[in-house]
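**Student:** Each chain, written out:
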Amino acid sequence: MARGENQEAQTGNVPAAAPGPKPASAGAGKGAEGQSVVRRLQSELMALMMGGDPGVSAFPEGDNIFNWVGTIAGSAGTAYEGTSYRLALAFTAEYPYKPPKVRFDTPCFHPNVDAHGNICLDILQDKWSSAYDVRTILLSIQSLLGEPNNDSPLNTQAAALWANQEEFRKMVEKLYKPAA
Amino acid sequence: MSVNIPNSCLRALDAISLECPDECLGRGVPAAVLQFFDFFSTTKQKVALRIVSNVFNGYAEEDGPTAMEAVPALCNLLQSSDKTILESAISCLALVAAGASGNAEHLSKLCETNVVEATMALMDNEGWKSLRDDTLTAILELLKNLASVSEKAVKSLFELNFCELLKQMITYYSSSHHDNDKVQMLVELIYQLMLPPETSDQQTKLVAANRNAIMGQTTYKDQLASIVALIAQISKSAAQSSVCYSCIVVIGSIVELSTPNFLTELQKTANISSFLTCLLARKNRHILFQALKISRTLLEKDQEFFFETFTKEGVRHAIDAISSQDKNSILKSKRKNSMKERCFCFDLESSLTDKACRVENNVVMELAEEINKSFFLVKGSKKSAHRFGFSLKSVRDFFARSLTPSAENQDKGKQLSHLSRRLLPDELQVYSTFEFVQSGSIRYLTDYLSNAEYCNANPELQSRLQKFAHLALTMSNDGSTKPLGILVGKLLDTLHMCYDTFPVMLSDEQCTRESTMIPLRYPETQETTSLELKFRRSKKDKELFNYTAVLSVKLFSTPQAIEPVIFPRVFIDPETSHKNSNQVKEANRIMKLDERNGLRFFYNGTILNPSTTFLESILLLMSKGEADILIDPSFWDDEHCITYRKRNKSNELSFKSYYNTHLGKLPGDLDGSDLLDMLKVLEGINHCSYQLLMNGQIEKFAEGTLQDLDDLKVAVYPLPRHQFMSSLLTNKLELQMQDVLFEDGFIPSWCVYLVETCPFLLPFDTRWKYFCLTAHRSFMTDQINSSANQVNSSPDQVSSHSDQVKSPALAKKYRVTRSAILEGAVSMMTNHGPSSRIVEVEFEGEVGTGRGPTFEFYTTVSHELQRSGLGMWRGENSEDGFIHAHFGLFPKPWSSSSALLRGVDFSNVLQKFKLLGHLVARAVLDGRILDIPLSKAFYKVLLEQELDIYDIPSFDPELGKTVIEFQALVRRKKFLETSSRTSNPSADLSYKNVKLEDLCLDFTLPGNPEYELVPRGSEKMVTLESLEEYVSLVVDATVKSGIAKQIEAFKSGINEVLALKTLKMFTEEEMERILCGEQDAWASTNLQDHIEFEHGFDMSSPSIITFLEILREFGREEQRAFIQFTTGAPQLPLGGLASLDPKLTVVRKQCDGNVDDELPSVNTCRHFIKLPPYSSKDIMRRKLKYAITEGLGSFHLS
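Chains as they are written, first to last, in my numbering: chain A, 1 to 180; chain B, 1 to 1198.
Keep in mind the hints are simulated off the structure, nothing from the lab.
Derived BS3-like pairs: lysine-lysine, alpha-carbon spacing no greater than 25 angstroms straight-line: (1) A:127 <-> B:992; (2) B:992 <-> B:1020; (3) A:127 <-> B:995.
Chain B extracted, bound-state conformation (with noise of 0.2 angstroms):
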């Protein structure tokens, strides 16, 4: 047989098969082609494949058993090493799947082929991750299109232990933020696997009955309760209801097929009761409905247990709730048409899609009814009293207890022991999330810790917080979960009851964003979409004229910005209505829009929030509350119909945030704002545990219960961030941000709400992106452009506006003289540091342009900053001619008296902050990158944090160390004066057995003898008497008065650029990400140049060699943590390693015993690090990771 022969058949086929591929099909070709398919060339085997795929696109039913032929053969290609080959096959299997879908006979053909264990053999040890997107999601739909009437391809299925790698694919896919198609159907294919037993086709009911058999078997049950647990929490924290609805579905149908004590066993591992609860706080009814259904299951199959259960997770107390609602309430929220209304039935269950909905608005109230009647109502009247649990009563006793103003001052050590016991986790995790919230106590702890302004506040606050702090933080006997940790998880449970009140709001156009390349700025090119409104004066008001028109404007416009516009065309005003200058008039008409006067906006009779937009109030009252709004393309081209009516002093309405007024209800008369508030100040309690613990300590030194001051320290182990991060809400941001309108504006305002007040709620990347998406609005030029524009009301004003505004966003060229690169950087920023462009630069003299030399001008200006002598920062003069800062610059003070020192001018020194500031903003926008190591302090005044003594240390230990020693020491001082018990008038008020005058401290600033902290400071002697005074003025003089300049001339700068207040969602270690970049503090390549090895060890030694590939894998934090733990510093200096001095020096340890039991240790003084020779890779990065993190995160003070 020739060659030329198959190959010419081949081409004839692939065109045929595109143009008839059922008569190809009935004429047998796919199994004909496949049989040779091994003698083909690649190419033509593709070829071969192609046409499989036509002939296989939409076969009809009859024609399944001659599809069936050509499975085999398929299921062969499935071990085929070429990767084409492999997934044309795949998707050539599920087109056959997907083909016989709803014939069961020809899918257990299917099945009968090994076709699930070659798939399966493709996704194990994380085979799915290499494969294509669209071949697992061809993989998926056929195993779900088996699963659904096989038994026997879901037995195999279970046998691979399908559902971990389930667990795998879910858990990676939820936590990327837009893969929400891939959760979606990998939930689904679940479902396929347990089948609802109530489909009534004949069939499938004998499926499903041996499907039970399957189910009973305890190996396979346990995959299942694993992950319940996993569904349960995408379900909680799922940004749209849909996912959620699946999820429950899911779980709905294993409760089904379940045994009561595997619900038993179940409700203890994963909480089932409260997943519950948290579902049937929702508004959308198929949530409430499925999950009313499996309450019902739940109680059926062991009506005791769960009765307990219910009772204590507050299932009980939602079901009651549900069925006591206003019947009328319900039927009112009759939909407007112009949103879409999704029924997620027919998601899973393709066969109803012609049915209408089957959960009616009355059905979950009825159902919620059975439930009471048939369960709670008969077993409560034999029960006690007590509705929410026993232990609920004292939890809230307590709390009420220690919040009684009376007992406060005698009964504190008591009331603090209680809470204390309370707090224990043991005590706390009993508790469950609902008896917590029920009892109130969160209300009372917010009330006992408020006006947490943390360390300003009034002593009797500061000392509860203290207190509370030093319980929460440290009670932690085994060290794995703190008090705090606990109490934030419970809070964070509830808040993803809020689901409703964070509705994500889409646009009809679903094409999703590019998560990865986010531009900083508007894309001013596109078109941007408007709302129409058409204002119309209320019937009732006759004293304003109409006004007709109808205003595009844009999707961020709110009542408030567009009632001065307004205003003017329909105002009166009664003492200049009867004169006829129009000018006089225009006059007053401008200058009468004030308190007393003004206008009111209403859409279909219900009053505008004047600082919501226009589009979210008018979507929320569409939609009646409802938690996913889906936007009718429809709605875009309507005119929406606003009223106004004048605003007068007498029925002005107090509009509190959007969250006093929508956050939702919650069971104990919570207030979601009053959740969030609570969370706050647990985070400000978690941000500043350091100064709280050291508070305590002082003040237990000034009591004298700490007796010695070096004993002044702590050791602080605050809550790490991820804990506090809310998993529901990162999810309906991120969505939310998807939208492509986001960007024009359409952001609902619990977004805007969450980021300003709750960022540590959000994740960084999240916070990053959305500030990337608004960045445009915090420009200063652009606000002009934007309030001056807002309205579009005449047709010319559009054109000229967008010519203006559609300018193409070039970048701004500047040109810079190296010898003179600060003046150059200084008129630079002057000029064009308020662009919204992005500026480059060019050097004089070199041809160089673009990002290269941009990127060098910003280090280059960075470092020239460093110079020592120009009197910005602390520290000391290194011999190469800049500050060297071991823990960080921090401006230096500068006294108000002396605008010269030492041939530097003040007013220089103010100048160059401000360049820093507009550095800084320019970084930030431009995406460039700083290469200067600004201190933690500092970072903290950037984000208008304000500086205390405690962090003083931060950037200077000595001093720091020294005045917090002082500081103690007044404290004792008063305390022995206040105290009635004066038995020890002559108390040791030495400072370490030095007397106070003996250190010869003068009032000036200590080692800045020109900056006098009172006049004549250096002829006025420290002493005991005037310690307090010398304390605060060192303080006030070091971290306030001294540099308050500075930092104003600085934030000034980055003001120009950008609104700082739009940095502080970020956090001071984000911030120096943001502006420093992720920096290596080495780079990879000459790492082994910059360390010398020692003492047995050189660079050929096996040791070092693991040493060094360990040290390159190491990320920057780890980098960090290694600097600090072999220098002492957290900073290396300008230049890196290389220039580190003495040279890191790596010695061998001399080991005793096991080597592997031995721990790397350093000397600071030297730069050694003594490092065991460890018998593995494995064992010395282990240990290394042990040495350098240990105490990492805890400051001490000693």
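So that you can see chain A by itself, here it is in the shape it has in the complex (with noise of 0.2 angstroms):
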């Protein structure tokens, strides 16, 4: 299967919604439970349409509180530049205490994201803290985007590929389909 998917990525035929599973949200759905963390994604979100960051933005996706929708632009000076990526970030009942699961919608050739739209990102595995929010998690995802970590490359084609920005830049305009 993993073979499957890379050799997908080196040819760049992905198809335009990875059909991802449905990350599982554990204590998600009930508006009853988790009023620590309903209490806690709502603080987040006043503060994220507050305060303004460039370039991310995120919301709760429908009703459900627990499964949100993220978007990133590529900072400028990067290959990324011009692009839009929306993610999807489901939270469980353990959040803070564990991070959320974040996927790409958007497909995107990254050294660090793979066919399905994972992220290979210390801060939402291991190094994942309690203090990190949703503002954290993004702005990393945006610097992600322009340093990739080309040492352990989910996308080994992209990562081979880092060195020649210029040819770089195209694959990532070619595999970019913005969401409608």
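Make one complex out of these two single chains by using the hints.
**Tutor:** Right under this line is the structure:
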């Protein structure tokens, strides 16, 4: 299975919407549950709307406060300049003790992102801290776009191409399918 | 010549040689038979050799020359490729040599052939491992005989580097615990190589002189020197005095033959003085005598040097102690005739058998006095007043200082820097074990670190332990030796001086147990041995009745247990004695046995410890503290007379535990129990090193020396467990367990004491054997039986009792339905859980019975218990419907207020935990295997260790990390509040630059919002002020009160089957090994099916083939490390490698430089392992092992 993914990534035949499984959200769904998490997420939402960080934004998807949609814009001066990516964030009842599950919704050609949009980023795994929030996550991913970790690539083709920024930019554009 | 004729001849000779071997030998049959050997068929060749062996069996000395004629032919046969022929030829040669032993002329003829070289060739290159046991014995026997007379043989042995071979063999056999005979034989062989110079025979004197010259050659001497260290080690850790004695005699011979220069060298490499100190602490006079002789020889050879060394290492002190012993006390110790007396002199020098033992009691003392007079007293007067060396005083002073309470607070920093300097490896190493012990430092150090209830003790002690752990574990500069390691080494050395405290008691039946298969159950059909006790009223006692019956008690009966049986029969109640009603009497008697009234038991006038078995007490009193006790068969037939007397408060003696009274006094007034205490403390520190060091880090953060919460991590490298193990005690316990009566309850109290209080001194295998041999005692049902039937006072009772117990140990069968397996398991365990028989399972509607279905049952039930939605475990519900806990299963906390949650009834959860307890206990007893990845912390609970905040990361790293960081924040806040210098009131008390309030935490359990930590907790927000309360409540809910009921149910499940406390001798890891078996993470056959290969690799790449080979060769520990390395979690999901998602993928690592310098790396997100294409399998294995073990054993919290 893994082999298939990577070959697709190499040849660039990534389907527009990768059919990744819906992230499991154990405690999600019921409003009465996770009072603490709901409160925390509401407060984060307020902060995000007030803060106005350039290039990142996030909002709950529909009625469910445990599932959010985030957007990041490619930073100026990087291969991703002018692009905008949608991400799906799924929180569990253990947030903020455990990180949310974050996935690219928009296909993204990047050394640390696989064909399903899974991201390999330390703060989303073992380096997670309860002090992080949606804003820091989105900012981290934004900066990851410009500064990939080429030592442990999920997409080896992207990692190999990184040295040639011109070609890389072309690939990014070729595979970029902005959300409608 | 017809072929048939020689065949018939052979047949005839075969018969004749059995009848009259001498005649055959006289007529040269062996040589003749061997002459035509090559013409015979293989079967005939074997007959021929049988004839030769018949002929040589015990031939007369005058036939020696004729016998020698057959030797060259026999030697030729040693090259034979046929194993049977080879073995027969060796045994023939051994017989020839045995027959000629004592006749140097014949034997030297034997040596002129190449027999030495030929046999050595057989043993070279680990060839001895493939030889049959009796063949090897024959070879050693042969070489021994040759070496005893022929210097040529000795010379060739040395030339062939025989010492190296001996070393290998001794190391191998002494580590296997049941080949003591082999070790003894090897040591004897070395002894023969040396030959004692004092042997009187004219001929041998000449030989000895020649040999002396041989020894003079440096190459041989180096070989000998290397073997001395090994023999000294064997001697110190030998379980039997006889082995120890042979070793010391060998060392004595080497010392005798050596030059002073060589001996000085030997002292430096093997520390022979320390070895002598250890032996001089023993009671066996043969050993003492030899040790003294060696000491004298050493002093004679280099007085200056060895005077110094002996003083430093304690030899002088020991000799002093021996010579100043009370003369009468030695003479008094005349043996009882029922104990076998053994004189070891006979073991080595067979010529002495008819003479009396040369080592009389007073000889030892006289020799000690002589040494004292001629060496120590003269020298001592002109030397300094320091009897025990110069550096000693400073060590002692130091520890005394660090304990003075007044200096405690002001000088703490200074003291610790002292301590650290002392503990630096090079400093600690300078002091000899003797000096260290003599200085009293151990006692001080124990006091300093005592009450070591590690993490819950008072703050002062906690901080001492913390600082000590920090110094002892992390101050290693080169990483090779930690101060703690040296300390433990010295303590174990000292412990080995307490040899006599752990007497091995062997019953006469010298049949040893097969060590591999140990039955977990008491062989109930076997006749049990019992002890005949005749109870008699003490003459001084007039109140009690006389009781005349002879009781036959079980071997494990103690005075305590017998008391309630005897008491009612002998006690006259002053109030009821005049009444005639028997019934009233009966009732009163039983009631009256209490604190105030009871019995004391005596044997030969010595009061018996109520909790020590009669058997042991009697044996110890009979043997006067000798360390090897061999019971004479007559002991079991004798009636042993026990007197009893009324016990009342006034003459109540307080019986301390065995070890407070019996563990010998060591130099420096150190009690043996202090020593064990100290080892226990150190082991505890080692065990809790993560907690202690982490606590230290938090303290640093609180005080501001550590700024960033992200730096709050420690790398812990605890001492490996084997460094705490005592080879002597392991050997002794192993030997004791080989005794056939061990299972019957003939267990000396030191065994129980060691296993219960200091299990870390013994390796797992030994403890597991002990558990198996004693497990039947922990069966609940058996316990009831045994206490009720411990005394068989009447014959009828004996028979009825035996009927009841000796029913055949058949397995109990139970039928379960697959569709309702959990229910079936619950009812099976409720009915048959506590059974002392093996429980087997059949599935409803299936024909299979026995092992297979039973194993499947345990596996299936353990899987069922991992289903999500049961409310048992923490962790994510994975899509397959099972809980997936990356770090092992740990109970999910349940609030006491909610009995029902999401359709799960708490009582059902408890029932399942009880079932798990049953399963665990039955699995241990029946040798079943559970497939359930319990977390380390849960095993800790099982072993009744307390959990605290530092255990949380082991099963939930994210939560654990955050609460520990919160804890650090709380401490900093407290520190700032209490410290007088509040120069910076606005110090940073945010949580990683986030205000605590902004985290929006309320007082509910993280991830479990229904669990309110306080009433209406979901409305109470966590602030900096309430953080402390919050942290302690979260910790309490997670590892204590929130899981208390589940744990209780689990433990009660275990306790219904076997006593939980008997499992406490194991560690968490060992428990897991017992329960889950040595399961492999993958089956080697289908390994390649579950691994993907990409980016330059495919299934047929040479690197991949090698890689798979290496993976298959990995042991369990390495597999685990590999899984941890590649996936980040130690546990694979249910189903193993096959269910890993994404699949484990091996890709080729691009290397710029030399591939062999690179290390493999991983991407744990996607389970990639990047493997450089190494040039050889060896390098790949080395690099892989390095990569996976690097950082293993260290637990980083990051």
